[in-house]
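Number of protein chains: 2
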Amino acid sequence: MNTISGNLLVGQSGGPTPVINASLAGVIIAAQNSNQIKKIYGMEHGIEGLLVGNLKEIIISEQEIEQLTVTPASALGSCRYKVKDEDYTNILQILKSNNIRYFFYIGGNDSMDTCNRIAKLAESEGYEMYTMGIPKTIDNDLPITDHCPGFGSAARFTAVSTISAGRDLEAMKTFDDVAIVEVMGRHAGWLTASSALLKNDFKDAPHLVYLPERTFKIESFLKDIKNIHQELGYVFISLCEGIRDENNQFIGTGNIEKDSFGHVPVALSDGPAAYLAKIVKQEIGLKVRYNRCGTVQRSFAECTSNIDREEALIVGQKAVELAIKGYSGKMIILKREEGKDYKCHFDVTPLENVANVEKLIPDQFINSEGNYITEAFKDYALPLIGDSLPRFFRFK
Amino acid sequence: MNTISGNLLVGQSGGPTPVINASLAGVIIAAQNSNQIKKIYGMEHGIEGLLVGNLKEIIISEQEIEQLTVTPASALGSCRYKVKDEDYTNILQILKSNNIRYFFYIGGNDSMDTCNRIAKLAESEGYEMYTMGIPKTIDNDLPITDHCPGFGSAARFTAVSTISAGRDLEAMKTFDDVAIVEVMGRHAGWLTASSALLKNDFKDAPHLVYLPERTFKIESFLKDIKNIHQELGYVFISLCEGIRDENNQFIGTGNIEKDSFGHVPVALSDGPAAYLAKIVKQEIGLKVRYNRCGTVQRSFAECTSNIDREEALIVGQKAVELAIKGYSGKMIILKREEGKDYKCHFDVTPLENVANVEKLIPDQFINSEGNYITEAFKDYALPLIGDSLPRFFRFK
Chain A
1 MNTISGNLLV GQSGGPTPVI NASLAGVIIA AQNSNQIKKI YGMEHGIEGL
51 LVGNLKEIII SEQEIEQLTV TPASALGSCR YKVKDEDYTN ILQILKSNNI
101 RYFFYIGGND SMDTCNRIAK LAESEGYEMY TMGIPKTIDN DLPITDHCPG
151 FGSAARFTAV STISAGRDLE AMKTFDDVAI VEVMGRHAGW LTASSALLKN
201 DFKDAPHLVY LPERTFKIES FLKDIKNIHQ ELGYVFISLC EGIRDENNQF
251 IGTGNIEKDS FGHVPVALSD GPAAYLAKIV KQEIGLKVRY NRCGTVQRSF
301 AECTSNIDRE EALIVGQKAV ELAIKGYSGK MIILKREEGK DYKCHFDVTP
351 LENVANVEKL IPDQFINSEG NYITEAFKDY ALPLIGDSLP RFFRFK
Chain B
1 MNTISGNLLV GQSGGPTPVI NASLAGVIIA AQNSNQIKKI YGMEHGIEGL
51 LVGNLKEIII SEQEIEQLTV TPASALGSCR YKVKDEDYTN ILQILKSNNI
101 RYFFYIGGND SMDTCNRIAK LAESEGYEMY TMGIPKTIDN DLPITDHCPG
151 FGSAARFTAV STISAGRDLE AMKTFDDVAI VEVMGRHAGW LTASSALLKN
201 DFKDAPHLVY LPERTFKIES FLKDIKNIHQ ELGYVFISLC EGIRDENNQF
251 IGTGNIEKDS FGHVPVALSD GPAAYLAKIV KQEIGLKVRY NRCGTVQRSF
301 AECTSNIDRE EALIVGQKAV ELAIKGYSGK MIILKREEGK DYKCHFDVTP
351 LENVANVEKL IPDQFINSEG NYITEAFKDY ALPLIGDSLP RFFRFK
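Residue numbers (the working numbering), protein chains in the order written: chain A, 1 to 396; chain B, 1 to 396.
One or more hints might be untrue.
Pairs count within a copy or across copies, as identical chains cannot be separated in the list.
[What the hints assert, rightly or not] In silico DSBU-like links for lysine-lysine, alpha-carbon gap of 30 Å or less:
1. K343 x K359
2. K343 x K173
3. K281 x K359
4. K39 x K96
5. K82 x K378
6. K217 x K203
7. K378 x K343
What the hints contain is simulated information worked out from the structure, not anything from laboratory work.
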């Protein structure tokens, strides 16, 4: 237990999730329960707002916290700002002048790097501040933690929308041939893989799943489609926006400029689904539709995982509770317990272990042809998308 | 009350909805309760299956009916087949040989035409058969009926996904500028208009709504975007896939071939959102994302309107009950009652009144600039999307 009292600052960063505000709510609830925390401040638009001194004091009722918990996207505002070396001194100055002693950043790998550097700088300058990272990403690509809050809800949307749109294609198979769904994920295919979580029958969608963990080859893709179409009369394909060819080039992005992190912003291009829809039409003459739910995948308010929301709230609370106990420079992680029934407990890992590291889908979760997932992946991911899953009827 | 007993045939046609199977369930439930109906047959893939004699006897338990009611898309299979004149004699022959005395077709305007012609042919040939149309379309473009089963659920998905993705854009406004959402609808913009149903604040999405009922002008579109962006820092646009320019050409469809009904299948092209995203980038240099939920809009299983599902079930039941009473050649319609609280009762209209007629959004539901909806539209459509609507929190 540390003894310092002062103000708390919390920020949200990177792509939003349907439950990132539950983590914010968790931070606020735990902070309100603490005598050592005086004022609660939020960064407007993350570190980018902090840099220009945009701190907002959070005064919020119990009822408003409940509403915050079910509000999608980052209520404080988010950012994708690559902090420059010269920014850090500035940041520390602002933190000191606001007597920030507890610092929380809810984000993914890039944000954990920022968070780590702020923690290190404060320490090296002898400024007593307890800094904790709170994991958040629909991409599920943070290492060490079993999974990331936000993933379960986005995965549920992806699974439900795929099995639903699959029924649509099946019903329309005398008219439509192929449906391609483009799923978010720059380098990691976790969310795309989740599109298969509700499939129970060969007729169910998806029939093919293409992940950025495997090189995308147009010839195999067209061959796979022809095979399934011959057998079933329709083909439902789920593919990740981040699929790349032999030369490591994203499919269908054209000559789009990199962002400040050096990433290709696939979401701002036409994307692979629109591109591949044309190729399939041209090369094998099948009718193709493509769906690209885009930011709906990571924000949709009416298809969240109850387990994900609960965990998102708890990681926020835990971060504050542990900071008050004297923890700093750590990110909260989830550890799955052994046993048939899903159960996780919470632990921490040093921020440097997660900063800028991306966890890709391991080999045992992808089939040998590289065009589908394995049962082991289902065992891993199914508990995360929550209870009361839809079950559909089909005439025999 | 008619006296003939025999078999029942039911089919589903056109684009599926999340509740079209509730109407099928309604038909089955009412048929099972009738002594005059012997066997219940379903057409596999609508009229297209009927033409080749693909009738499936429906034997289904109570529990399966419950599951059918919540299963999206047409469980019997659907079609988009333009029946040729020479097909009708063939159809009547198949109906006679299966002793079909009760005929139900669940569909939109094209399907009601088919249904009408079958009813007329049976009558002219002196074959006693009771034929009823059951309305279904997410497009909400059938005339006479207050609204169409299927619309309320698709409208709820559109409203919830728009308000949710709007929060995502708002959170990311330091990085993203514009989001364009493409909504289904060939000639009628009802579903696109519904994207605004949950907006309560100027900051909420959408800020601009473009409907096929108004000519789409790129210059006004770009000017509208610049204005909102200047005021708010981000712009959320919802536009219908069916928007057309001064020459009545669909935006962004390129040289795509017409289907057998003579319709341009916009959904099989890149669509206007991808096209306009590029234009906005080029012309005003803003970052643009586009979302195209495609068939997810009309199939998503976890965001249906309770009112829509209930009405979809009832129109199916009513059709059978009225056919048994001797009605034929009619489509079930919904009539809204006067008064503050939403209430509809059921009635019928002759099939020829709806066959091939499209109901567009009336003027009083569109603002004078042609880039947004009016409060009168909200009053009309809000009750249809059901109860327990999401309400979000926003920091002041």
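#### Entry: Alpha-carbon proximity between K217 and K203, which holds within one copy, between copies, both or neither at 30 Å
Result: close within a single copy only, 24 Å intra versus 43 Å inter.
### Task
Measure nothing new, just compare the shortest in-copy and cross-copy C-alpha distances for K378 and K343 to 30 Å and report within, between, both or neither.
Classified as within: same-chain Cα gap 16 Å, cross-chain 44 Å, threshold 30 Å.
#### Entry: Within, between, both or neither: K343, K173 at alpha-carbon 30 Å
So K343 and K173 fail the 30 Å test inside a copy (41 Å) and across (37 Å) alike.
### Task
Go through the copies and call it for K343 and K359: within, between, both or neither, with a Cα cutoff of 30 Å.
The answer is within: 21 Å in one copy meets 30 Å, while 53 Å across copies does not.
### Query
Can you tell me if K281 and K359 fall within 30 Å by alpha carbon in one copy, between copies, both or neither?
Neither. Shortest intra-copy (35 Å) and inter-copy (33 Å) distances fail the 30 Å Cα cut-off.
### Task
Could you figure out if K82 and K378 sit no more than 30 Å apart (CA to CA) within one copy, between two copies, both or neither?
neither (35 Å within a copy, 42 Å between copies)
### Message
With identical chains, the pair K39 and K96 could be close in the same copy or across copies; at 30 Å between alpha carbons, which is it: within, between, both, or neither?
### Response
within (14 Å within a copy, 80 Å between copies)
Hints 2, 3, 5, counting from the list given before, are not met by this structure.
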